[in-house]
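Take these sequences, add in the hints, and give me the full structure.
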Amino acid sequence: MTLEIDHITKRFGTTVALDDLALNVPSGQIFGFLGANGAGKTTTMRICLGILRADSGEVRWDGSPTSDLPRRTWGYLPEERGLYPRMTVLDQLVYFASLYGEPPDRARRAAEHWLARFRIPDYADRRAEELSKGNQQKVQFVAAILHGPEVLFMDEPFTGLDPVNLALLREAFVELRDQGRTILFSTHQMESAEALCESVAIVDRGRIVAGGSVADMKRASRSRTVRLGLEGETLPTWLSLLPGVVAARPGAGFAELELGPGGDPSAVLAAALSRGANITRFEVTEPSLEALFIEHVGRPAGDDATLAAEDAA
Amino acid sequence: MVRRDPLLPNAGIVARREYRDRTRSPLFVASTIVLMGLALVVAISPIAIRYLDRQTVTRIAVVADDAQLASVAVGVADSLLNIPPTGSDPAKWERPFDIARASERSAAQADLAAGRVSGVMDVARLPSGQLDVTYRTNGPPNPVRSQLVGFAALALGILDWTSSLPKDSQLRPFQTPVFTPVSIAAPGDGDQPVDPQELASRSFLGIVFVVLIFITVVIYGMWVATGVAAEKSSRVMELMISAASPRQLLTGKVVGIGLAGLTQYVAIALPALGVLAVQDRIAEAVLGPTWAAGAPLVGLTPNLLGAYGLFFLLGFTLFALIYAAMGSFVSRPDDLQTLSLPLSLVAMAGYLSAIVALSGGGGRWTTLASFVPPFSPFVMLARVMTGSVAPWELALSVALLLVAIAVVAVVAVRLYAAGVLLYGQRPGVRAFIAAARRAG
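First to last, the protein sequences are chains A and B. So in the numbering used here, spot 114 of the first sequence is number 114, and the numbers just go up one at a time. So in the numbering used here, spot 363 of the second sequence is number 363, and the numbers just go up one at a time.
No wet-lab data here; the hints were simulated from the structure. Any given hint could turn out to be false.
What the hints assert, rightly or not - Chain B is nowhere near these chain A residues, computed Cβ spacing over 10 Å in every case:
| hint | residue |
| --- | --- |
| 1 | Glu194 |
| 2 | Ala195 |
| 3 | Arg227 |
Unchecked claim - Between beta-carbon pairs, the in silico distance windows are:
| hint | chain 1 | residue 1 | chain 2 | residue 2 | range |
| --- | --- | --- | --- | --- | --- |
| 4 | B | Ile219 | A | Thr9 | 39 to 47 Å |
| 5 | B | Val411 | A | Asp62 | 31 to 39 Å |
| 6 | A | Asp62 | B | Leu273 | 53 to 61 Å |
| 7 | B | Gly37 | A | Arg119 | 44 to 52 Å |
| 8 | B | Gly37 | A | Asp125 | 30 to 38 Å |
| 9 | A | Gly298 | B | Val411 | 41 to 49 Å |
| 10 | B | Pro26 | A | Pro104 | 48 to 56 Å |
| 11 | B | Asp5 | A | Ala220 | 52 to 60 Å |
| 12 | A | Asp62 | B | Val211 | 29 to 37 Å |
| 13 | B | Pro26 | A | Val174 | 42 to 50 Å |
| 14 | A | Lys133 | B | Ile219 | 31 to 39 Å |
Bear in mind the structure is a predicted one, so any value in this text is a computation, not a measurement. Glycine is no exception: its CB is placed at the ideal position from the N, C-alpha and C atoms.
Okay, here's the thing in structure tokens:
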């Protein structure tokens with residue numbers, strides 16, 4: 001089974017939000033959909049879910065157009081978080097599951113299980129407005145999975161979570177994957193994608209600019225990551241000005257440099273030696289997902305490539 | 001290709017949530033109790049009016065120079081001011097005017113000054129033989145009552161003149177002409193003409209009903225709009241729209257809130273109907289066994305309540321669909337006030353037309369508006385209240401409303417589907433049209 005996003009195009013007025021976007025997501029995988037804000041991730045998910053209609057192209061699951069499949073095939077965690085403020089947590093979880101055809105008793109039991117799993121079992125009878133944002137986010141995640149969907153669309157699921165909740169949510173992702181669910185999640189947080197995804201697609205201005213398994217992409221990349229330890233200073237300014245360095249960030253006692261396709265690790269070493277620096281560490285590794293992203297998009301993932309219509313979508 | 005989800009069960013699930021949410025709110029409970037009390041007052045008002053009417057006996061003192069003249073004056077005034085209603089038993093009927101001779105002119109004046117009598121009819125004979133009738137009141141005279149006393153003075157003069165004719169006169173004695181008012185365009189209930197008192201009662205009820213339908217349609221309609229806007233501003237709409245189709249969500253919301261309104265209506269109507277069912281017994285207890293002799297106790301009837309229920313449901317559905325579409329276009333509930341103003345003005349136009357119709361005015365506009373949605377729920381209800389509607393007119397008005405609801409529903413679903421995903425845009429006509437095209 002595969003989720004096939006088959007050359008979809010979507011325009012909002014004169015703005016092209018998706019431009020012949022094509023993508024295959026194998027079943028039973030956690031698939032990262034990477035892109036800057038406004039790149040077209042949310043629009044793609046909304047088209048997959050049938051909330052928006054593509055101007056052209058089609059989305060299929062297991063060979064069938066998604067519009068022919070029941071809604072309960074999908075689970076959706078929207079980027080814009082929201083719950084009924086005055087409704088209790090358990091009531092609204094049962095309500096959302098009922099809309100997907102889940103019997104209330106079963107939904108109630110499953111909701112209680114997941115609330116306990118996320119360490120918020122005491123919040124079941126509280127109103128949503130009494131919960132912190134992080135806890136509301138976990139409740140929304142539960143709302144998306146309670147009916148046991150085959151495919152999960154998660155739009156920026158890790159944004160705003162503290163490290164403990166981030167770890168809980170990642171564990172849940174892995175558990176769902178192990179149950180055979182297919183998860184497509186969008187993010188511009190490369191660490192989460194790196195930790196969870198077997199495959200990713202990088203989208204920029206409505207087009208897929210790179211995609212495939214993370215390992216293959218790293219192998220095929222001409223980018224490299226260099227970790228350079230210098231005695232006395234972690235990240236001198238001259239490092240980020242070296243030719244071929246597209247990103248430089250401080251590590252624990254070393255500087256991590258992302259080298260673009262033209263970058264040469266030995267040139268970095270030579271430059272350090274020529275400056276008389278005392279080198280404590282020199283390591284060349286595969287490029288990070290962040291480096292791959294920069295290689296294909298030309299800027300870090302946090303930078304906006306805003307499509308005005310994305311918000312309007 | 002567009003997914004076509006069946007309405008049920010999701011529309012029902014949404015409706016149930018909306019219904020529970022509304023009926024459990026303190027505002028709903030409080031307004032239901034207030035309206036229930038109002039309906040009971042309306043239902044019992046005919047008996048109360050009759051009771052108060054019966055308690056109010058107007059006393060008029062007659063003063064004359066001689067006993068015979070005083071006796072004739074009392075008789076004439078009594079026959080003109082105390083006319084029993086059609087069909088009542090004169091023996092049991094309680095007279096609204098107590099007309100009696102006062103022996104002393106000064107005593108009558110003192111009674112008038114002290115408020116013990118409402119008027120003094122002073123009959124004197126001038127030296128020429130002509131009668132001189134003065135009607136004294138304490139404060140501004142009641143014009144209708146003064147006119148009746150004037151007729152009594154005229155009749156008294158005629159009787160006095162005929163009594164002075166020679167006994168062998170060829171002239172026939174004066175006879176009071178038979179007088180019967182007949183209207184060629186009297187409002188009727190089917191073939192039965194509506195009694196004027198009943199008509200007045202229905203007009204009063206009509207105002208209550210038209211005000212009630214206007215308030216409920218606008219308030220419940222705004223509930224729908226604010227509900228949609230709140231779901232959108234709290235972003236829960238994002239979850240909803242993936243779980244259910246716009247058609248299911250819109251239908252569920254309108255049905256749920258409509259049922260909450262219907263619940264309120266039933267809660268208001270049931271006690272009122274209960275009062276109607278035992279109206280005779282209450283009347284007998286309050287007015288005594290002779291209560292039936294007066295004008296019929298007309299107020300709320302099951303038919304009128306049914307008409308109100310029907311036009312409330314149809315009117316609400318029509319307006320609620322439009323309100324829902326509007327609610328979907330605002331990002332914050334605060335913006336709704338501006339956007340919904342034109343629709344509230346349309347409802348206001350229907351309401352004012354209905355008030356004009358209740359007063360018997362409006363002419364062709366009233367007739368036309370009673371068929372044209374969205375005015376017809378208000379204006380046709382007003383026409384039904386005044387009893388001037390043929391069955392085919394009622395059927396046509398309802399049919400046109402149903403057609404309008406069907407058309408508006410299709411457009412509203414499209415607008416709603418597009419509107420709920422629009423964020424950060426100022427609502428306006430262009431946004432409406434563009435979004436509807438996009439959704440299409």
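Results of checking the hints against the structure:
Distance to chain B confirms glutamate 194(A) as a non-interface residue, since its nearest Cβ pair spans about 27 Å, more than 10 Å. Every C-beta of chain B lies more than 10 Å from that of alanine 195(A), the closest at about 26 Å, which supports listing it as non-interface. Distance check for arginine 227(A) against chain B: the nearest CB is about 41 Å away, which clears 10 Å, and the non-interface claim stands. For isoleucine 219(B) and threonine 9(A), the Cβ-Cβ distance of about 45 Å falls inside the hinted range of 39 to 47 Å, so the restraint holds.
The given range of 31 to 39 Å is respected by valine 411(B) and aspartate 62(A), whose C-beta atoms sit roughly 36 Å from each other. A hinted range of 53 to 61 Å for the beta carbons of aspartate 62(A) and leucine 273(B) is consistent with their spacing of about 58 Å. Taking 44 to 52 Å as the suggested C-beta distance range, the pair glycine 37(B) and arginine 119(A) conforms, at roughly 50 Å. Hint check: glycine 37(B) to aspartate 125(A), Cβ distance near 35 Å, so the stated range 30 to 38 Å holds.
A hinted range of 41 to 49 Å for the beta carbons of glycine 298(A) and valine 411(B) is consistent with their spacing of about 45 Å. At about 27 Å, the CB distance of proline 26(B) to proline 104(A) disagrees with the hint of 48 to 56 Å. Evaluation of the 52 to 60 Å hint for aspartate 5(B) and alanine 220(A) yields a failure: the beta carbon distance comes to about 43 Å. Between aspartate 62(A) and valine 211(B) the C-beta distance comes to about 59 Å, which lies outside the given range of 29 to 37 Å.
Between proline 26(B) and valine 174(A) the beta carbons are some 46 Å apart, a value that agrees with the proposed interval 42 to 50 Å. For lysine 133(A) and isoleucine 219(B), the hinted distance range of 31 to 39 Å is satisfied, since their beta carbons lie about 34 Å from each other.
Checked against the numbered hints above, the structure violates hints 10, 11, 12; every other hint is satisfied.
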